[in-house]
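Enquirer: As a plain string of letters, each chain reads:
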Amino acid sequence: MLTTGNVYSGGCKLPLKRIKIYTMKKLAVFFLALLFSPLASYALQAEEYLLDNGLKVLIVEDHKAPTATFQVWYRVGSRNESTGKTGLSHLLEHMMFKGTSRFGPKTFSRTIQRAGGMDNAFTTKEYTGYFEFLASDRISLPIELEADRMQNLALNPEAVLSERNVVMEERRLRYEDDPQNLVHEEVLATAFKNHPYRWPVIGWMSDLRDISPDDLIRHYRTYYAPNNAIILVVGDVKPSEILSKIREAFGSIPRGPAIGMSSDEEDGQSGEKRIYVKKEAELPYILSVYKVPQITHEDGPALEVLGSILSEGKSSRIYNSLVYEKQLAVSAWAGYDGMYRDPFLFYAGATAAHGRKIEDVEAGLLDEVEKIRREPPTGYEVMKAKNQIEASFIMGQDSFYMQARTIGSFEMIGGWRLIEKYLEGIRKVSPEDVRRVAGKYLVADKRTTGILVPLMNRK
Amino acid sequence: MHESGSQRLFNRILLLSLFVILSSFGSVECHGALAERKILPNGMVLLHAEKKALPMIKVVVAIKAGSVIEPAQKAGLANLTADLLNEGTLGRSSRKISDEIDFVGGSLSTSGGIDYITVTLSVLKKDIDLGFDLLADIILNPAFSEEEIRRRKAVIRSSIIQQREDPGTVASKAFLRAVYGDHPYGWPPEGTEESIEAMSRQDITDFHRIFYAPNNSIMSVVGDISEHEVTDLTEKYLGNWKKRDIPQKLPQSPRFGENPLVIKLHKDISQAHVILGHLGISRDNPDYYAVSVMNYILGGGGFASRLMDNIRDNKGLSYDVHSSFSANKYAGTFLVGLQTKNTSANSAIDEILKEINRIISEPVSDKDLSDAKSYLTGSFPLRIDSNSKIASFLAAVEYYGLGLDYVERYKELIGAVTTDDVQRVARKYLNTKDYILVVIGNMDKASLKY
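So the protein lines, in turn, are chains A and B. Okay, so the first sequence: first residue is 1 according to my numbering, each after it adds one. Okay, so the second sequence: first residue is 1 according to my numbering, each after it adds one.
Hints were generated in silico from the structure; no laboratory data involved. Built from N, CA and C at the ideal position, the CB exists for glycine as well. Please note that the accuracy of each hint is not assured.
List of simulated lysine-lysine pairs, DSS-like, C-alpha gap at most 27 Å [what the hints assert, rightly or not]: (1) B/153 <-> B/96; (2) B/51 <-> B/125; (3) B/38 <-> B/389; (4) B/428 <-> A/238; (5) B/242 <-> B/38; (6) B/354 <-> A/106; (7) A/64 <-> B/389; (8) B/38 <-> B/74; (9) A/64 <-> B/126; (10) B/367 <-> A/106; (11) A/386 <-> B/51; (12) A/238 <-> B/242; (13) A/386 <-> B/96; (14) B/236 <-> B/64; (15) A/314 <-> B/243; (16) A/357 <-> A/386; (17) B/354 <-> B/64; (18) A/314 <-> B/153; (19) A/386 <-> B/52; (20) B/354 <-> B/428; (21) A/326 <-> A/314; (22) B/242 <-> A/386; (23) B/243 <-> B/264; (24) B/126 <-> A/428; (25) B/51 <-> A/64; (26) B/433 <-> B/264; (27) B/433 <-> B/445; (28) B/354 <-> A/314.
If you only want the chain B side, here are some residues facing chain A, beta carbon under 7 Å, derived [unchecked claim]: (29) 99; (30) 303; (31) 375.
With the rest of the complex left out, here is chain A:
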């Protein structure tokens, strides 16, 4: 479960698909999947190097297609911002495409595209990533460009003001005019009261209006440095060749200030929180979140399996109960989102079917939660979840992008080798473990629920 905080509420330089909460499920399982591969030969193996200036390089050699992806990830996301300056990391991501002192504006993407490549970027609560895809005979092209923008970003004040407007348009598109996404944003802002996870990656509209070029310069100087970044290369490459090119381009970039990776602690919650969003909409919608530990915690694996049993595939409990049997919802889902450095959330949500009451939909979701809190799932269900994880692990490797994304996400929250360590955890999950974590974490007092109340305002 990449997502929510990550892919979904992150912005991108260019519009990709708008990924909504429950499409995350697919990614989620893939993720989990990576962690669990009895077929050792298909385990994800990266070669790791560390340059003198602290830049870590991870390379996966895979020759199944004549293409490759080159990526640079920085350990900075919206959690590194502060009240009044939210959205800074994401706006900086946009500015990274607006030129450097060396190459000037309108160069980066055009150069990549001229070589038949594609480029884009994403910002999450924990990190900011930049990536290019190219035919493998041109994969060294982005190396020099990425090294350049790690140190020479122009951050021209006029360009900042113009790009701020672009991001405000992005915010209108993704949030202001999307009632379900607004609920998501409000639920997170309510579930967390002091942790920086509470604000959206894209930032609050009022903060966006106030961000100044100086704010961006400070953010860039602090976080964009080799010792706060990693490079990922996946695909049809020769590691020694590409590594020497990386050394040449990045090796002389000086270290930046040391950045602590301290965690923030969210104060306790005692009692359910509820919020309502009233917007012009057609169908009521509900989103509940429960506070849970992050994926590296000992309960992480059982929470993953729990998410799968509740929501992976049409035979899963929630789809089968709410959409198929009771026909209460047009879509319904749940999932563990633990790919964070600090404890995050377990989700359960649904869009009511036309004519159905959201109270009944909520009761339906709670029924499923209660059931698994009381009784362990069957051995068959746990086995199915593990099979789904194994298959997605292998199938996910069909895409170089997903391989890079997975290794990078684990690296950002504690180290890519956790993939292997966590694998053992998944293997050990028993039906009783699943019940135990459901009983421990899916409790009303740790829940925050948001409900979309549709207003009908047609002229």
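With chain A fixed as given, assemble chain B onto it according to the hints.
Expert: Frame of chain A, contents of chain B only:
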């Protein structure tokens, strides 16, 4: 390039069956044939590419039973039929099908479409027998039970209602309706609340009986599977699927409109969604390649395109601005789409028209031309670098009759495009007088002059 609120059931349908020219097709050095092609005795076209890197197999079955062949009063029939395939067969309940495929960590899904519908299977190599069994069962023996029909109708109806929440979808539907008029491409593939309600079981079983035939289907199989294994599996599970005569009722080509048509839809939202465009070209138009280059320069080429450069990069008016030609079997559309705060709608539309006029009246530079060509040809490897992408690509190549040497031919076809060609096709296929303009947003704030 629709804003796909991905949870809305149908947004992707359009994309699936259209050959959207954005930055799509480039060329690649070809290492041997892309796939083996053969026609089975029952008439089904089989495309096979063996890829041993991963122990997985991807199968796409494309059946020429998309919404383009459904009768006008039965809008949504093709989609509903496809949707019901995995909701129960003569021997398996809906739940049994999902349970069997979920248990092995595979997926089996169906998707409606305009030109053709698809059934897609992903499984590990060790589960391919079960996979083919399920795939064949849902295509050949769907039960179409009254109860499942009722369920799916309700879900589709809710989804149609929910689409009204998404301004991008509302604008897109209004645009297609206006461009195509009574042509089947003009009605929504998912149907309307009324047309879905009126659909009977007989309609569905008739549609299935007539159009779901092997000689009306294309199957692509990509992954860790030999030709011998594919042959055995198709014989075992699809051997009984009998050839039938398919009625060839082809829709007429839609016609260009004669006057600009402005559709204003009020919705109290913070942005105006704008679509401006008109009828485009069909996939078999020989100008497709020159049009691809022209569109890349105008608005298909992301940050390298003029629309993005002008409207986003220089003016900060929009996050997403793009142009596309969607070239279907019978006809396509040309459109420019963007979203901007209500009060900037007029100036954004001004700029769209200015850029279209510019590419019509001024030849593009040699640099613009060569940049576009090098992207289109150079990016081809990225389009076919996974089993999933290859499987879908093969089905489309077959459906649109492009030939298995398309990868190489494409490079030549794009390579031959000149600046004169670009201007010629801009003049021929772009029109700043007779266009359709759809704007949805707060009309009070937008106060459109159009």
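Enquirer: Of the hints given before, which are not true for this structure?
Expert: When the structure is compared with the hints, numbers 4, 8, 12, 15, 16, 17, 22, 23, 28 turn out to be violated.
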